[in-house]
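Generate coordinates for the entire structure from the input sequences, incorporating the hints supplied.
2 protein chains.
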Amino acid sequence: MKTITIYDIAKEAQVSVATVSRVLNNTAPVKESTRKIIMAVIEKHQFQPNALARSLLKKETGTIAMILPDITNPFFPEVFWGAENVAREKHYTFFLCDTAGEHSRESEYLSILREKRVDGIIFLGGRINLNQCPPALSQEVVELSKHVPIVLVNGNLPRSGLHRIYTDEEEGAALATQHLLDLGHRRIGFLGGMEETSTTQVKLKSVRMKLKEQGLTLRKDWVMFHDFSIEGGRALMDRMLEQEDRPTAVLCVNDFTAIGALKSATQHGLKIPEDMSIVGFDDSPLSRAVIPELTTVSQNTNQLGELSVEMLHELISGGNPRKRTVLQPKLVVRDSTGRPKNPAE
Amino acid sequence: MKTITIYDIAKEAQVSVATVSRVLNNTAPVKESTRKIIMAVIEKHQFQPNALARSLLKKETGTIAMILPDITNPFFPEVFWGAENVAREKHYTFFLCDTAGEHSRESEYLSILREKRVDGIIFLGGRINLNQCPPALSQEVVELSKHVPIVLVNGNLPRSGLHRIYTDEEEGAALATQHLLDLGHRRIGFLGGMEETSTTQVKLKSVRMKLKEQGLTLRKDWVMFHDFSIEGGRALMDRMLEQEDRPTAVLCVNDFTAIGALKSATQHGLKIPEDMSIVGFDDSPLSRAVIPELTTVSQNTNQLGELSVEMLHELISGGNPRKRTVLQPKLVVRDSTGRPKNPAE
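Read top to bottom, the protein sequences are chains R and E.
Count the first sequence with UniProt numbering and you get residues 1 to 345, in order.
Count the second sequence with UniProt numbering and you get residues 1 to 345, in order.
Worth flagging that the hints you see were computed from the coordinates, not collected in a lab.
Careful: at least some of the hints might be erroneous.
Any copy will do: because identical chains look the same in the list, a pair fits if it lies in one copy or spans two.
[What the hints assert, rightly or not] Below are the DMTMM-like pairs computed for lysine to aspartate or glutamate, each with C-alpha atoms no more than 25 Å apart in a straight line:
no. : residue 1 : residue 2
1   : K116      : E310
2   : K44       : E115
3   : K116      : E43
4   : K323      : E310
5   : K11       : E43
6   : K90       : D119
7   : K220      : E12
8   : K116      : E102
9   : K146      : E213
10  : K90       : E102
11  : K271      : E213
12  : K116      : E60
13  : K116      : E314
14  : K220      : E171
15  : K90       : E108
In structure tokens, the structure reads:
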């Protein structure tokens, strides 16, 4: 059976497609006699406009997208889950685009999503986490944002003026550092992710500032960078433990790095937290899976997802949400931090 | 500026929309003189058909969907990642639909995906994992599969005849049981997920069979059910350890359950594997994050995702792939299993 389209209806009712659309979507008044003729044709064929056709007419697809760097890192599924719950309420379906953090994949998806006419995009990771994003990469997103609303989550693009929502990572790192200072630690190290990422630099800067307030210096040989992974964290702690002069506590850029560090330290025979305190960042479900459970900084991950969709929906609906929403992190004290053996150190 | 549509092009070139479509998509020959007129109009307006419009004409959207029960369970992001990589190559974009395992959400998404005219659906978890799926729930999927190709991953719907791809979980559980038997264990318990799920029942049955082959019985009080979560695994091991008479080894339905069990046992002062061996299932990244690292069964998770898209693509392209693809699991021996203290037990 041939599928009936709005064009068939228009032809048979001898009116324009626009008129049929007006009747279907109630977007503008149509003369009553014309409306009756159109409705009769619609009923005769039991015509049901399909979602795609309706989208073409309404210029909305009910589809939004999330671009993220690594769905296998437990932080991102938590954000997605929060986002999806709000999206469902608002009748959006989600494209999920995993870029592996590669800028070329990001570009590819930006172009595909524009073609697919998504109503809006939530962007995480990759180029928006670079400490210095190349202008061309930034410009590409700005350009697209003129056609499709975009919300940046936990990142930024310089001079883009894009809407964003993020956890105050500086504050989070400060809270964690203060916690270690309060326990009596003075010898504190930092295990970072990739050096060029803002999430590493912002936290590093915050730790340094906090220590400076106490007249302490963050030693260069106690600052290390890797790639945010469990394996990376393990490699960094392996390296740290080769040094004779070690910190009594380390702050890690994320939970993965902290878990890797915890594994390495335990395998080297250290007791945590007696021999070394370890702090994570994210409060992912993993932080409660390890022994000892991780002291970490909660980013309110679900809420980050929820609010990003709220913000995007407001933009799509022509609203004017605030440019920036900042979530306050919380310190979650568990069992991987304690007093140093010799507080005088 | 008004957006130019294929209908405007048709009108101006004084041909039918179908003819313009034929020229755009090269789907059928068009008289050369007509083609030239159409191309001139297209060039004059710099007309670029948008993805939606093209989809309406081609009846394909370049969009597929994955329905899954819990994106925050690390098994599913691994499947998704494998699937997405193949999907990208084949120019599909992915809808991700997290149902929280609720059948009502599954129904909602099935209906939305049909409306969105996805080219195909990959279905995981929820109703396809029920040991006895109610006919109405099964029928809903079968009905949709008449219009949209569907591939079931690690599950089944009775008498549906749908295409499916799955890990041989029975074989996986048998491998794990044999491993424990080889180490000298005779007192083996089973920590399951939800009792009504096939993934729990298939594994349980396999453990029971394997023990029977050795003249051993799986004791009723050493078989327990919960919900596949870390907390669930912890609760089950807490309960197991209240018993005076305990198994020397437990097989767990998944890594989450095993990690919870590991935590509980460690907190009760047991040394793993000296005091009890623990085996997981899935070989998720988590299994290497804990101490001791988990002995587990690898499901080739990425490959499961990759092959599901290959199969779906074949169905979408009108091919005739085999109805069933079965992946062989592999035992991954790490540090959470060892000989029992007293093999004579």
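* Index of numbered hints that the structure contradicts, given in increasing order -> When the structure is compared with the hints, numbers 7, 9 and 11 turn out to be violated.
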